[in-house]
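Engineer: What follows is the residue order along each chain.
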Amino acid sequence: AQSVTQLDSHVSVSEGTPVLLRCNYSSSYSPSLFWYVQHPNKGLQLLLKYTSAATLVKGINGFEAEFKKSETSFHLTKPSAHMSDAAEYFCVVSERSSGSARQLTFGSGTQLTVLP
Amino acid sequence: GAVVSQHPSWVICKSGTSVKIECRSLDFQATTMFWYRQFPKQSLMLMATSNEGSKATYEQGVEKDKFLINHASLTLSTLTVTSAHPEDSSFYICSALRETQYFGPGTRLLVL
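The listed protein sequences derive, respectively, from chains A and B. Note that the first sequence covers residues 1 to 116 in this note's numbering. Note that the second sequence covers residues 1 to 112 in this note's numbering.
Incorrect hints may have been included.
To be verified - Quick list of in silico lysine-lysine cross-link-like pairs, DSS-like style, CA-CA up to 25 angstroms:
id : chain 1 : residue 1 : chain 2 : residue 2
1  : A       : K42       : B       : K20
2  : A       : K42       : B       : K41
3  : A       : K42       : B       : K14
4  : B       : K41       : B       : K55
5  : A       : K49       : B       : K66
The hints are simulated quantities; they were obtained by calculation from the structure and are not laboratory data.
Modelling step: build the complete structure from the supplied sequences, incorporating the hints.
Structural biologist: Now the structure itself:
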């Protein structure tokens, strides 16, 4: 069984300051991990994904995440927040289910607010 | 590449009517598509897995007779909400599987 815990439901930062969105996971097998962003009334956009290659994953828009197996964490970071980063962020875990398709399990989401 | 579209993006209907939502993979073929629903300020919940040429697999608690899924081709899956009621109002999102899941922009359904 797999699960994802996003530790903060809401994060607020000032523009230009670092962003940290925390995510812990549990998985019975070697997981794939993803971060998605969702702007209001929009679908999901993939920011980055970890699939057992390099533990530090670089994504789009300056985001990156580090897979730490010992801590079962996959926190999302960005050095300098921009106003356009304000959105809902979802941490997602995937492991191969009984079928051939990987099922995704979503975290509860973190709402990022960027203050001017 | 890997673009997924949904139609319509918005739909308002009267209680008791049926609504069909289309999910298309525009530039790739997808034997597997997924349907999710998302309530306001909540996460996505998987409703069902749609497999081309076979019956969909529904998650526990999802009524298959209410949420009819058809995956008639490698680029199209449809979700029909039958006899819709106000509690079915939600944001419905599909995804298509290639090496990972690519998500559509979502369909907001409001049942009056």
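Engineer: All hints, please: hold or fail.
Structural biologist: So, going through the hints one by one against the coordinates:
1. Of the supplied pair hints, the one linking A/K42 and B/K20 holds, its CA atoms being roughly 19 angstroms apart against a limit of 25 angstroms.
2. Between A/K42 and B/K41 the CA atoms are separated by roughly 13 angstroms; this keeps the pair inside 25 angstroms, and the hint holds.
3. Restraint check for A/K42 and B/K14: the C-alpha separation of about 24 angstroms stays at or below 25 angstroms, so the hint holds.
4. For the hint linking B/K41 to B/K55, the alpha-carbon distance of about 31 angstroms lies beyond 25 angstroms, and the restraint is violated.
5. A hinted pair counts as satisfied when its Cα atoms are at most 25 angstroms apart, and A/K49 with B/K66 does not qualify at roughly 34 angstroms.
Taken one by one, the earlier hints fail for this structure at numbers 4, 5, listed in ascending order.
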